[in-house]
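Produce the complete structure using the sequences and hints provided.
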Amino acid sequence: MLAPFWALLMGRSAILALGLVGLVLGLFVVSLLIGPSTASVGDSTYALITGQGGPLSVVMREIRLPRALLGVLIGGSLGLSGAAMQGYLRNPLADPGLIGVSGSAALGAVLAIQTGLAAIAALALPVMALGGALLGVLLVLLLAGPRGTSLALILAGIAISAFAAALTSLVLNLSPNPYAANEIVFWMMGSLADRSMTHVWIALPFLLGGGLLLGSLGRGLDALTLGEDAAEAMGINLLRLRLTVILGTAAVVGASTAVAGAIGFVGLVMPHLLRGFVGSRPGALLWAATLGGAAMILASDILVRLVVPDRDLKLGVVTALVGAPLFLHLIYRTRKEGV
Amino acid sequence: MMLLSLHNLSVKRGRKRVISEVDLTLGQGEVVGLVGPNGAGKTTLMRAALGLIPADGQSSLAALSARARGKAVAWMPQSREIAWSVTVETVIRLGRTPHLRAGQKQRPEDQAAVDRAIEQMGLDRFRDRPATQLSGGEQARVLIARSLAQEAPLLIADEPTAGLDPAHQIAAMRSFTQAAAQGRGVLVSLHDLGLAARHCTRLIVLHNGKIAADGLPQDTLTPSIVKTVFGITAFSQITDKGFVFQALDLTS
Numbered sequence: 307m308l309a310p311f312w313a314l315l316m317g318r319s320a321i322l323a324l325g326l327v328g329l330v331l332g333l334f335v336v337s338l339l340i341g342p343s344t345a346s347v348g349d350s351t352y353a354l355i356t357g358q359g360g361p362l363s364v365v366m367r368e369i370r371l372p373r374a375l376l377g378v379l380i381g382g383s384l385g386l387s388g389a390a391m392q393g394y395l396r397n398p399l400a401d402p403g404l405i406g407v408s409g410s411a412a413l414g415a416v417l418a419i420q421t422g423l424a425a426i427a428a429l430a431l432p433v434m435a436l437g438g439a440l441l442g443v444l445l446v447l448l449l450a451g452p453r454g455t456s457l458a459l460i461l462a463g464i465a466i467s468a469f470a471a472a473l474t475s476l477v478l479n480l481s482p483n484p485y486a487a488n489e490i491v492f493w494m495m496g497s498l499a500d501r502s503m504t505h506v507w508i509a510l511p512f513l514l515g516g517g518l519l520l521g522s523l524g525r526g527l528d529a530l531t532l533g534e535d536a537a538e539a540m541g542i543n544l545l546r547l548r549l550t551v552i553l554g555t556a557a558v559v560g561a562s563t564a565v566a567g568a569i570g571f572v573g574l575v576m577p578h579l580l581r582g583f584v585g586s587r588p589g590a591l592l593w594a595a596t597l598g599g600a601a602m603i604l605a606s607d608i609l610v611r612l613v614v615p616d617r618d619l620k621l622g623v624v625t626a627l628v629g630a631p632l633f634l635h636l637i638y639r640t641r642k643e644g645v
Numbered sequence: 023m024m025l026l027s028l029h030n031l032s033v034k035r036g037r038k039r040v041i042s043e044v045d046l047t048l049g050q051g052e053v054v055g056l057v058g059p060n061g062a063g064k065t066t067l068m069r070a071a072l073g074l075i076p077a078d079g080q081s082s083l084a085a086l087s088a089r090a091r092g093k094a095v096a097w098m099p100q101s102r103e104i105a106w107s108v109t110v111e112t113v114i115r116l117g118r119t120p121h122l123r124a125g126q127k128q129r130p131e132d133q134a135a136v137d138r139a140i141e142q143m144g145l146d147r148f149r150d151r152p153a154t155q156l157s158g159g160e161q162a163r164v165l166i167a168r169s170l171a172q173e174a175p176l177l178i179a180d181e182p183t184a185g186l187d188p189a190h191q192i193a194a195m196r197s198f199t200q201a202a203a204q205g206r207g208v209l210v211s212l213h214d215l216g217l218a219a220r221h222c223t224r225l226i227v228l229h230n231g232k233i234a235a236d237g238l239p240q241d242t243l244t245p246s247i248v249k250t251v252f253g254i255t256a257f258s259q260i261t262d263k264g265f266v267f268q269a270l271d272l273t274s
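Going down the list, the sequences are from chains E and G.
Each residue of the first sequence is one higher than the last, beginning at 307 in the numbering used here.
Each residue of the second sequence is one higher than the last, beginning at 23 in the numbering used here.
Fair warning: there could be bad hints in the mix.
To be verified - Simulated crosslink set (SDA-like; lysine to any residue; CA at most 25 Å straight-line):
id, chain 1, residue 1, chain 2, residue 2
1, E, 642, G, 154
2, G, 34, E, 545
3, G, 232, G, 40
4, G, 249, G, 39
5, G, 34, E, 455
6, G, 38, G, 73
7, G, 93, E, 550
8, G, 34, E, 543
9, E, 642, G, 73
10, G, 93, E, 642
11, G, 93, E, 533
12, G, 93, E, 545
13, E, 642, G, 152
Think of the hints as simulated: they come from the structure by calculation, not from any bench.
Below, the structure written as structure tokens:
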């Protein structure tokens, strides 16, 4: 009975992996092909690959490609960090924003817009947002202590988030320039519009580095299913695990927020949605949530462009609009199961 | 071969010493019961011996690297945490964690160890059930099986029989005896003195963080020790079915 069971399980995760990879690839192609300039699929692809399509090549390579790439990278990062955070805290309600990184990254970005630095140099905004994220994670580590419990980490994260949000409000409050305030509000909603390859290159090292850190956590997170004491006695270095979770999450969430603004609900909903498909194993959920997150951001970003193309609907608004009802449905289902 | 040796082990909580200068060795083939009233320091002593909390003095296990310790000892904590609704087999397979390098796939010998543990704890019909849907006693058996699957030379279990029905209490103690017969050693904390008296090869009575008695069950559960440490009177007798111990009444 054992062999068929394993075959079945392997088969199921293989099907899930194939399905998710196919979905991400499909959405990536669709994301490349839609936009205000209407060109045939053949022309677009030719322009993208050869660079011989005149203005269409510029559109494909400078506008649509970075947008689709950032969608995959940021979506994957948010899904992965959400799964890692939930696995580490052993709580399905945990979110990568919980450790205060997205709040402090947003504060850095807001300061860049407010001081006008963002208008002078295009790179000022993402760089200051990354700086904010770094400062935020250092403060959280300092507050929670390197050996602190997960509860201390949550409390420190909440405190830093609240403080960053208060400072952001203060900047908005005192802003003498209504245009800057307007820009800040829109930026905070999160978007992938008008990003260039430069944004991709800025974010890529942090997203890949953080992603590798988080991706290495599978076995430790699996062992943590039995509690911190049992995991430690099975040879898991909890101190290192904790640092890896914090630094990996800070890198990917900080970089995501720096180039795309605050995009909520992906890190919360995706692990929740896919948990059942991987037999609830937190280690297996890492890759599944990565692919799922990439698909969710790509799909939302396509929706943004299709539904009201002329109104610049913000990505973060759509992910929250899609994510919140999905989350409510999951809660309802969980309640019915009586867990 | 000694599987555990503690020398002069002390643990402070704040300024209070909760474990004072404990000396203890445990060898192959032993099932050592750790008994004592609530707050005597049983859990603290076990965790300090494992090196999970800071302690003064020496412990052979705490001196090991995390990985080497995972191969030397299996630890079953008192809190029976199973955070996600993974299957029973998945939980038990986690016991193989210390034997696998990062990224290494499960080998046939790992599956064999998992199957042995499942068989030993009679969990075959639960194998594919989500562990979180089982009763508390069934979960306890799953977690005992998890620590057995680790197949470490030493097993340290903190009140593994709490909440089990009599048949499964005996089955759990038998699985420890069986492990000892295979040359392993077991240190198990218990509240049921009758169970401890019957199934342990040796008892350690812990009182206010100190070892009050260490020896064969009939030599440690004497009327005077039972009275001073536990505050109870008891009936005990060496019968043709072995040493029998039954708590009777409070002393006061």
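Against the structure, the hints:
For the suggested pair residue 642 of chain E and residue 154 of chain G, the alpha carbons sit about 15 Å apart, so the restraint of at most 25 Å is met. In summary, the hint linking residue 34 of chain G to residue 545 of chain E is supported, as the alpha carbons are separated by about 22 Å, within the 25 Å threshold. Our distance criterion of 25 Å between C-alpha atoms is met by residue 232 of chain G and residue 40 of chain G, whose separation comes to about 9 Å. Pair hint residue 249 of chain G plus residue 39 of chain G holds up; C-alpha atoms about 24 Å apart against a cutoff of 25 Å.
Proximity of residue 34 of chain G to residue 455 of chain E is assessed by CA-CA distance (about 20 Å); at most 25 Å being required, the pair is judged to hold. For the proposed pair residue 38 of chain G and residue 73 of chain G, the alpha carbon gap of about 19 Å is at most 25 Å, so the pair holds. The suggested pairing of residue 93 of chain G with residue 550 of chain E holds, with an alpha-carbon distance near 24 Å, which does not exceed 25 Å. Between residue 34 of chain G and residue 543 of chain E, the direct Cα distance comes to roughly 23 Å. Compliance with the 25 Å bound is thereby established for this hinted pair.
With a C-alpha separation of about 42 Å, the suggested pair residue 642 of chain E and residue 73 of chain G falls outside the 25 Å cut-off, and the hint is violated. At most 25 Å may separate the alpha-carbon atoms for a hinted pair to count; residue 93 of chain G and residue 642 of chain E exceed this at roughly 42 Å. At most 25 Å may separate the alpha-carbon atoms for a hinted pair to count; residue 93 of chain G and residue 533 of chain E meet this at roughly 18 Å. For the hint linking residue 93 of chain G to residue 545 of chain E, the alpha-carbon distance of about 20 Å falls within 25 Å, and the restraint holds.
Between residue 642 of chain E and residue 152 of chain G the CA atoms are separated by roughly 16 Å; this keeps the pair inside 25 Å, and the hint holds.
In summary, the structure is inconsistent with hints 9 and 10 from the numbered list given earlier, while agreeing with the others.
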